[in-house]
Amino acid sequence: MTRVEKRFGRTWALRGTDLTVPEGCFQGIVGPGAAGKSVLVRIVAGLMRPDSGSVTVLGEDVTQLGEVALQKVRSSIGMLFQGNALFDYMTVGENVAFPLRRLMRLTEEEIRERVAERLARVGLGGFEDRIPASLSGGQKKRVGIARATIAHQPLIIYDDPTAGLDPVTASKIFEILKAEQSGSGATVVAISSDVDSLVKYTDRIAIMDKGLVHFCGPLSDAYTHEDPFVPAFLSGEYRRSA
Amino acid sequence: MSRMGDAALAPVRSVGRSFTDIALQTGGIAVLALQILRRFFPPDIDMRELRRNLYNMGNRSVVIVAISSFFVGITMVVQATILVQELGAYSLVGWGSAYIVLRELGPVFVALMFSGRVGANNTADLATMVVTEQVDGLRALGIDPISFLIVPRVLAMIVMCFTLTVIGDAVALGGAAIIADRMLSIDIYVFWKGVRDLVHMWDMWLGLVKSVGFSVIIAMSSCYYGLNVSGGAPGVGRAVNASVVTSAVGIFISDYIITFLIG
Numbered sequence: 005m006t007r008v009e010k011r012f013g014r015t016w017a018l019r020g021t022d023l024t025v026p027e028g029c030f031q032g033i034v035g036p037g038a039a040g041k042s043v044l045v046r047i048v049a050g051l052m053r054p055d056s057g058s059v060t061v062l063g064e065d066v067t068q069l070g071e072v073a074l075q076k077v078r079s080s081i082g083m084l085f086q087g088n089a090l091f092d093y094m095t096v097g098e099n100v101a102f103p104l105r106r107l108m109r110l111t112e113e114e115i116r117e118r119v120a121e122r123l124a125r126v127g128l129g130g131f132e133d134r135i136p137a138s139l140s141g142g143q144k145k146r147v148g149i150a151r152a153t154i155a156h157q158p159l160i161i162y163d164d165p166t167a168g169l170d171p172v173t174a175s176k177i178f179e180i181l182k183a184e185q186s187g188s189g190a191t192v193v194a195i196s197s198d199v200d201s202l203v204k205y206t207d208r209i210a211i212m213d214k215g216l217v218h219f220c221g222p223l224s225d226a227y228t229h230e231d232p233f234v235p236a237f238l239s240g241e242y243r244r245s246a
Numbered sequence: 035m036s037r038m039g040d041a042a043l044a045p046v047r048s049v050g051r052s053f054t055d056i057a058l059q060t061g062g063i064a065v066l067a068l069q070i071l072r073r074f075f076p077p078d079i080d081m082r083e084l085r086r087n088l089y090n091m092g093n094r095s096v097v098i099v100a101i102s103s104f105f106v107g108i109t110m111v112v113q114a115t116i117l118v119q120e121l122g123a124y125s126l127v128g129w130g131s132a133y134i135v136l137r138e139l140g141p142v143f144v145a146l147m148f149s150g151r152v153g154a155n156n157t158a159d160l161a162t163m164v165v166t167e168q169v170d171g172l173r174a175l176g177i178d179p180i181s182f183l184i185v186p187r188v189l190a191m192i193v194m195c196f197t198l199t200v201i202g203d204a205v206a207l208g209g210a211a212i213i214a215d216r217m218l219s220i221d222i223y224v225f226w227k228g229v230r231d232l233v234h235m236w237d238m239w240l241g242l243v244k245s246v247g248f249s250v251i252i253a254m255s256s257c258y259y260g261l262n263v264s265g266g267a268p269g270v271g272r273a274v275n276a277s278v279v280t281s282a283v284g285i286f287i288s289d290y291i292i293t294f295l296i297g
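Which chain is which? The protein sequence lines are A and B, in order. Last residue of the first sequence: 246 in this note's numbering, with the numbers rising by one and none dropped. Last residue of the second sequence: 297 in this note's numbering, with the numbers rising by one and none dropped.
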């Protein structure tokens with residue numbers, strides 16, 4: 005994305021943000037609250053239009069596309085929402101099968117097999133008939149991950165995948181995300197407020213504050229970056245003072 | 035002076051704001067209606083969702099509509115008992131009941147029940163889906179929420195409100211016939227003869243036309259307020275309230291308009 009701006013009334017969410025994510029990498033995005041992380045990924049996913057700037061996703065400038073063309077781009081993106089966005093009235097199996105039923109022409113047998121395989125991959129084998137309301141927070145996240153990755157989209161976006169989870173469960177979730185990405189080779193963009201956990205699993209990190217990307221690159225370069233905010237944020241100095 | 039002027043203008047501003055709100059909401063509902071209509075050319079309807087909504091909206095409402103309609107039918111005859119006895123107008127009880135139920139009471143009563151039961155539930159359901167990002171979840175998968183969520187619900191509401199009106203009319207007339215037999219000793223054959231001889235087919239069709247009109251109003255307002263919820267969980271309650279009030283007002287206004295135009 006290049007020089008992307010987004011404003012809500014008088015509040016700036018993104019002020020001329022630039023970000024490039026190389027294909028096939030696990031890109032983490034971190035930053036303090038209200039840094040503009042969620043707005044950024046919603047714009048990348050085509051769920052929100054920026055006020056200005058260009059956003060190229062999978063070779064298409066999504067800011068120039070109409071709703072129908074945008075739907076095609078969106079169907080190439082898997083997304084896990086902060087609140088999971090599982091459909092309450094569907095079972096776990098139906099939730100995970102949903103993208104396959106809507107986006108692909110598969111037989112019911114093939115769908116069942118892929119759902120069972122995907123749920124087993126996230127450690128929820130045999131949970132097909134459960135309803136989302138009966139699951140714990142971590143289990144719901146796993147179902148969300150299974151749904152986001154089942155159609156093997158080339159771009160997967162995770163919006164704060166460990167929000168509200170305890171540290172042990174959060175680590176397990178990140179391990180699943182990393183294993184998924186390594187196995188599929190998809191490009192992954194994950195934003196998280198759990199900085200210390202996320203940086204262990206990502207190839208690259210972007211650090212945002214007040215609608216701007218202060219750093220984007222390999223984690224090793226971040227600690228010696230010239231912008232004092234970057235090493236201060238990563239070391240926890242900034243977060244403690246805030 | 036300025037403060038006094040402000041105070042004097044406050045009621046005017048309030049009225050102006052109300053009109054602006056009503057205009058915005060009416061415009062929003064009209065835009066949603068156009069978006070829904072566009073999905074029919076070519077038809078893009080998720081049959082699985084349609085079946086699920088038909089079941090949820092119809093099956094779960096039929097008992098409550100039947101029970102309520104039965105009591106509406108018998109109450110109507112109980113109210114008329116003294117007058118009928120005084121005038122000796124026993125042969126007109128069937129006609130009077132059918133005329134009122136088919137043309138007016140049946141469709142309006144069922145629509146209000148339907149709005150409270152199904153419309154409110156629909157608004158709460160959609161609003162919760164918006165608040166919990168489920169609608170964004172659909173969009174993120176490249177699925178059009180209007181085609182997938184709204185069109186099946188609107189169709190199911192129209193079909194089910196019509197069906198429930200037919201059932202409600204029949205049960206209300208059944209109740210009226212039974213109570214007329216018990217309280218006024220009007221033979222059920224005499225009751226039905228009054229219905230058959232004096233009630234025209236048009237009386238029934240008018241009621242059914244009304245029920246379709248009412249169901250469109252309920253469907254549109256419940257979907258509009260559900261999709262346009264704001265303010266998180268408290269907003270869901272406000273959306274339900276706005277949807278039920280708008281539906282009720284819309285039902286009464288459209289009842290007058292339909293009756294005036296074709297009744």
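Think of the hints as simulated: they come from the structure by calculation, not from any bench. A quick note: this is a predicted structure, and the numbers were derived from the prediction, not measured. All C-beta atoms in this analysis are idealised placements derived from N, C-alpha and C, irrespective of residue type, glycine included. Hints may be right or wrong, so weigh each one.
[Unchecked claim] Far from chain A, some chain B residues (derived; all Cβ distances over 12 Å):
1) Gly171
2) Gly176
3) Ile177
4) Phe196
5) Leu218
6) Gly269
7) Val283
[As the list claims (entries may be wrong)] One-sided excerpt, in silico: chain A residues whose CB lies under 8 Å from chain B:
8) Leu51
9) Phe91
10) Leu104
11) Arg106
12) Arg109
[What the hints assert, rightly or not] Ranges of calculated distance between the beta carbons of each label pair, as one might list FRET restraints:
13) Ala57(B) - Asp92(A): 30 to 36 Å
14) Arg82(B) - Ser188(A): 48 to 54 Å
15) Lys227(B) - Arg134(A): 56 to 62 Å
16) Leu58(B) - Glu64(A): 31 to 37 Å
17) Val279(B) - Gly141(A): 34 to 40 Å
Outcome of the hint check:
1. With 12 Å as the threshold on Cβ separation, the claim that glycine 171(B) sits away from chain A is violated: the shortest Cβ distance comes to roughly 3 Å.
2. Not every Cβ of chain A is farther than 12 Å from the Cβ of glycine 176(B); the closest lies at roughly 3 Å, contradicting the non-interface assignment.
3. Separation of isoleucine 177(B) from chain A is inadequate, the least Cβ-Cβ distance of about 6 Å not exceeding the 12 Å criterion.
4. Interface exclusion of phenylalanine 196(B) from chain A stands, the closest Cβ pair being 24 Å apart, more than 12 Å.
5. With 12 Å as the threshold on Cβ separation, the claim that leucine 218(B) sits away from chain A holds: the shortest Cβ distance comes to roughly 48 Å.
6. No beta-carbon of chain A comes within 12 Å of the beta-carbon of glycine 269(B); the shortest separation is about 15 Å.
7. Every C-beta of chain A lies more than 12 Å from that of valine 283(B), the closest at about 30 Å, which supports listing it as non-interface.
8. At a threshold of 8 Å, the smallest CB-CB gap from leucine 51(A) to chain B is about 6 Å, leaving the interface hint in force.
9. Against a cut-off of 8 Å between C-beta atoms, the interface hint on phenylalanine 91(A) holds, since the closest Cβ of chain B lies about 6 Å away.
10. Proximity of leucine 104(A) to chain B is violated relative to the hint, the smallest CB-CB distance being about 10 Å (cut-off 8 Å).
11. Nearest Cβ of chain B to the Cβ of arginine 106(A): about 6 Å, under the 8 Å cut. The hint holds.
12. Annotation: interface hint on arginine 109(A) violated; nearest CB of chain B at approximately 15 Å, more than 8 Å.
13. For alanine 57(B) and aspartate 92(A), the hinted distance range of 30 to 36 Å is satisfied, since their beta carbons lie about 34 Å from each other.
14. Checked against the hint of 48 to 54 Å, the pair arginine 82(B) and serine 188(A) fails, with Cβ atoms roughly 28 Å apart.
15. Checked against the given bound of 56 to 62 Å, the beta carbons of lysine 227(B) and arginine 134(A), roughly 59 Å apart, stay inside it.
16. Against the hinted window of 31 to 37 Å, the Cβ-Cβ separation of leucine 58(B) and glutamate 64(A) comes to about 34 Å, which satisfies the hint.
17. For the pair valine 279(B) and glycine 141(A), the supplied restraint of 34 to 40 Å holds, since their beta-carbon distance comes to about 36 Å.
Checked against the numbered hints above, the structure violates hints 1, 2, 3, 10, 12, 14; every other hint is satisfied.
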